[in-house]
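J.: What follows is the residue order along each chain.
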Amino acid sequence: MADEIVFDGRTVPVLPGQTVAGALWEAGIRSWRTTPVARAQRGLFCGIGACFDCLATIDGVPGQRACLAIARPGMVVSSRHDLVGAASPGTSATPGPPSAARYDVAVVGAGPAGLAAAATAALGGSRVALIDGAGQPGGQFWRQRESMGEGEERGYRDWPVFAGLRSIVEERVDHIPNATVWFAEPGFVLHTTAGRVEAGRVVLATGAYDRVLPFPGWDLPGVVTPGAAQALLKGSGVAVGRDVVVAGAGPFLLPVAVGQAAAGVRVIGVYEAGDPRGYLGRPGSIVGVAGKVREAMAYAAALARRRVPYRVRHAVIAAYGEAGVSGVDVARLDNAGQVVAGSVKRVTCDAVAIGYGFTANLDLALMLGCATRVSADGGLAVMVGGEGQTSVPGVYAAGEITGVGGATLSVVEGELAGSAAAQAAGSSDPLSGRELASLRRRRRRLRAFADAMHAAHAPPAGWPVWLEDQTLVCRCEEVPYASIAAAVTDLGASDARTVKLLARPGMGWCQGRVCGYATAELTARLCDRDVRRDDLATYAHRPFAAPMLLGDLSRPT
Amino acid sequence: MAMSQPRSATADVVVVGAGVVGAACAYYAARAGLRVAVVDRGPMAGGTTGAGEGNLLVSDKSPGPELDLTLHSLALWEELGSSLDADAFELERKGGLVVAATASALETLRTLGTEHRALGITVLELGPDDVHTYEPHLRHGLAGGASYPQDMQLQPMLATAHLLKAAVRDHGASFHPGATVTAIELDHGGRVAAVRTSSGSIATPAVVNAAGTWAGDVARLAGVDVPIMPRRGFILVTEPLTSAGEAPPIRHKVYAAEYVANVASEASDLQTSAVVEGTRAGTVLIGASRERVGFDRTFALPVLRRLAAQAIDLFPFLAGVHVIRAYVGFRPYSPDHLPVIGPDPRVPGLLHACGHEGAGIGLAPATADLITSALVGAAPAVDPVPFTPERFAVASIAGEANG
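Quick mapping for you: the protein sequence lines, in order, are chains C and A.
Once you know that position 366 of the first sequence is 366 in this note's numbering, the rest is easy, because the numbers rise by one and skip nothing.
With positions in the second sequence counted from 1, the corresponding number in this note's numbering is that position plus 1000.
Chain A with its partners taken away, still in its complex shape:
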């Protein structure tokens, strides 16, 4: 399937980035009848996609545009699950369990739950004993929790591969790993004309910037600024705890209520909160940390220690379980923590699909749906305005006027 040379020198759209967002954009655009070429400087899923947990969460999002987009996206994932083979990318409707250690954390959780229910999301309020029915190995003495049966998990690298495979095999797209974009060429009218890569040029009227944490670099090639920055995270991986067919010791995605606050936080210093979940391979994944330290890939032992301690605090048995590896990734975040999706009015033909922070796996299909609607001139399924790229330009002008 992989080709090192662009198969055709022309395309209706070139997708830059073969992570889960780029793969979804390629699949939806190709399915809509466009000739799509996907280019990536590395292999598929080589950036943030390959460093995530594969969460598809509604539970961690406050009411607002991101939650609206998420609800649409989860419905699309369900659809993809039936059209592409959910088992192939390990799509699991496992449900999320948010636990609160203190009465005040539980209070916050209850308030959010009420808001969620008003939007039609299923939320089950759990008391201090109920949580053990869901997760028998949770420690005792928690204040309570909330169950979110709609939260799902998948294996993000496999999902990316299957989306790309379907785009290429069933819908005529081409995929070019190892092709670094060196220029985005504009015509005299300032419209996108071609994408130049390290392995050839592709003439195209449209470019989708799905370069994730590196989307700012790609935007700059077209002469525009998109403020996407990296937020580092580590994940610890345990030894496999179960044999095939056995019930895993941790059944849901379990996380501490503080996680919701951390996700939305503006703080640049280190934040950690326990996020613990099993995988089909039998391992347990332990997160989550957030730090703004640029692209430093060094494993920071104090952060890893905190992740371990917080996970043990939720599940004491984990103290006697081995960690066998860890991985590091960079969430692409924007100043208002919303993704950047849609046409860039500054450069006709340039569209952005980036800045999903830690939610890119979940938001990939809805993002691709919005992008494809914009490409073919169809009505968007979700209000695209909160995600428009020009919002930062406006904000910075307003900021200057006020300053």
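With the rest of the complex left out, here is chain C:
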């Protein structure tokens, strides 16, 4: 008999290592949460724990993210969100004994940057802890199913790099899996869901999640981020739909579309709002990053082989459907990023994977007081020096949080930050002068390439025009565009923080992770000015990096 979980009284088969969301999706269940205001149906959206749309009650504990929870046979999953008299406290976290050990370096995040930082610092002789929320190292980029079959790694890029870093980590680093850091104190004390970790230096490699712009219908079940589609496939072996539209902007759309197509899904089209011909044709930005270009070409060729249309300067501007998405409006965009009149076409589909680049995960960096800046992609990023040092002594940052730039750049930055942190801890320098110089050169080239890429894949300027008054901007608190506009035009808000205080975007479960960028941009436009750092930062500052049960908070770890 196959393994099963129970969802609202119905049995749902699960494969080993699948997430709860993955198992439900495979069973054709697209929504399992009802929103408090409009009583709308929600299910998977971001797929990697950032958006909180997929909350479910799991084994009696409400407020669990189905996209993160691994489905164990016999689990009972409920769409109800019973609060009063709910599960006994302390079931979501299992605080371990306080660690007596103090590490030289604690690395947060086991994706490309974190793995590289941890491995490099350990090679220098530092005592290193690598803390990560997932059960296995790899982050989003090298996300795997818990029990992966022989040869499955062929689907991953740069697997040998991962395998190399992982083996160093296995040998020399204390890898603390299933540990989400929810609070960080100076000095440094990291409070995780698996106990507390102390370290003299911290390398933050907390990565990024998909950036989504609101549009009418984006809250329908079946509209997900590209990251969610990818996580479903890599993490649970589940395709996001049968007839899938991939849209948004950025090179990440390519592997997502290729992955779905390879899994047997009909990819109806890839609609790219930007125009990558811009940077691919600019030789200056390509020197030293030939690998990146080859990679893009290979994906493009794979799409062509499968006859998947790839349209540049096209965007999904609305989604339709009753219980879930059943179609989208695709429009052609002019050079200014505005919809070309008469170009809108209805396309039938049962899933949409849409995203416009990434948002850096800055909870811990901001909690520790690191200075930030507006990055080349218009999002917020940690300000770092040449070795990844932040404005806070002892805190280093690497990878996407220093400015989104992809996995290769993340590994380079991780090596630099890991080396600097190890040296600061008094360990020997793990890298030779030549290696360091070469890393710095590579970082410069990759960063220049990333900047050119951001320019070519910028969110289309016309996106606010697609919004209708009742289009939700904040999915959690169900704040429509009209309320955001009224906060500015009627109540006189002149910055994004005041908009938040008056209209509640960013006040809900996800704490502005999803709506922060859009709300900051909309506020700036409504105030007839450019977006400022403080507009973005107000949605990125979070006193808790993850929701905590009050019962767990009340007990010192």
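Please keep in mind that the hints were generated in silico from the structure rather than gathered at the bench.
Please note: incorrect hints may appear among the correct ones.
Covered stretches of chain A, going by a simulated chain C footprint (3 or more residues, C-beta under 8 Å) [said to hold, decoys possible]:
hint: 1; segment: 1171 to 1181
hint: 2; segment: 1309 to 1317
The following label-pair restraints were derived from C-beta to C-beta distances [claimed, not checked]:
hint: 3; chain 1: A; residue 1: Ala-1247; chain 2: C; residue 2: Arg-172; range: 52 to 62 Å
hint: 4; chain 1: C; residue 1: Pro-186; chain 2: A; residue 2: Leu-1270; range: 15 to 25 Å
hint: 5; chain 1: A; residue 1: Val-1385; chain 2: C; residue 2: Arg-39; range: 48 to 58 Å
hint: 6; chain 1: A; residue 1: Ala-1247; chain 2: C; residue 2: Gly-60; range: 51 to 61 Å
hint: 7; chain 1: C; residue 1: Arg-373; chain 2: A; residue 2: Ala-1244; range: 31 to 41 Å
hint: 8; chain 1: A; residue 1: Ala-1247; chain 2: C; residue 2: Ala-38; range: 17 to 27 Å
For each residue, glycine too, the CB sits at the ideal point set by N, CA and C.
With the hints as your guide, set chain A onto chain C.
T.: Then chain A, alone, in the frame of chain C:
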């Protein structure tokens, strides 16, 4: 509505500070026919107003001038509720419930209740079982409590915005966010002549210092000292617990009897007592902590843990509820814990409306009423003497004489 440049270079009064007190002062003064300009270095509700719970309480105040001012203020809030749209700023007559864990705490609560009733305040004495009729999820074994139906709650940021909006739209005031006051200019006679800001100067015979916790800085620009200091507080916010239209699991503002003692306390070290209430958004707000640590905005985990533990002690079900955020603010307090309201005799034309500690939301309309009376020369509705700015100057001189 927002303007970055002062619309007119002259005004009858410039209000410094666009928190709830400044907004109320602007609204009342403009309604009385004065030309008002409001300036703030940041946006509206950017300081303590944006970090409060929105309580309008009689229950936590001992008989005395602050309670007199509160009773007047709550009546004005009711009035504002009908003239401005109570729903727009979520004014709720939800009532307060004070609970006592021990017989001695209950004794203190009963004594206060008797005093309150003598002033005409409605107080219902509740036994250990009665409290559950009011709040079914309270823990068992409490000694008893008291119900205060006159306690109210509102959403302070929305209230501020609507007061400012009405002042600007209906009564010709102007609002200048992002305008930092750099100087208060005096004429040869030492009277207020103009307010200079980072975005222009406004000629005016009167300045209302409604800068909250930062009021001391503004007073210094006019060459006087007003002793306002920060008292830090944190509030935990839970996940939304109810859907629209559902009865919230916590219906009143519920707090432990010790809170009354903490509010009045002189101690500088950390004090916490459980204050728990629901909001219209479905969340539960959990306070309250008091610390004198300057303007340190760092979230202190031990304090947050204590707030969580105390709230769970009152409502055990909260142990299984998620906290999703927290916020920090600084209550502006004065040495005698009374607000500073009225003309400053040292600088003609300078008026103060500050130092409301944790009660600024509740006291804003009465403060504005007193200020407006002083501006237009009308008789005050409440005795203003206990709040006069010169009381500290007198106290410090007396202190020196005695020392």
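J.: Now look at each hint and say whether the structure bears it out.
T.: Hint check results:
Interface restraint, the segment 1171 to 1181 of chain A with chain C: holds (3 residues with C-beta to C-beta distance below 8 Å; minimum three). Residues of the segment 1309 to 1317 of chain A lying with their CB closer than 8 Å to a CB of chain C number 4, which satisfies the three-residue condition for coverage. For the hinted restraint 52 to 62 Å between Ala-1247 of chain A and Arg-172 of chain C, the CB-CB distance of approximately 56 Å keeps it satisfied. The hint said 15 to 25 Å for the Cβ distance between Pro-186 of chain C and Leu-1270 of chain A, and at roughly 19 Å that hint holds.
A C-beta distance of roughly 55 Å is found between Val-1385 of chain A and Arg-39 of chain C, which places it inside the suggested range of 48 to 58 Å. At about 23 Å, the beta-carbon gap between Ala-1247 of chain A and Gly-60 of chain C misses the expected band of 51 to 61 Å. For Arg-373 of chain C paired with Ala-1244 of chain A, a C-beta distance near 39 Å keeps the hint of 31 to 41 Å intact. With their beta carbons about 19 Å apart, Ala-1247 of chain A and Ala-38 of chain C fall inside the hinted range of 17 to 27 Å.
Consistency with the previously given hints fails for number 6 only.
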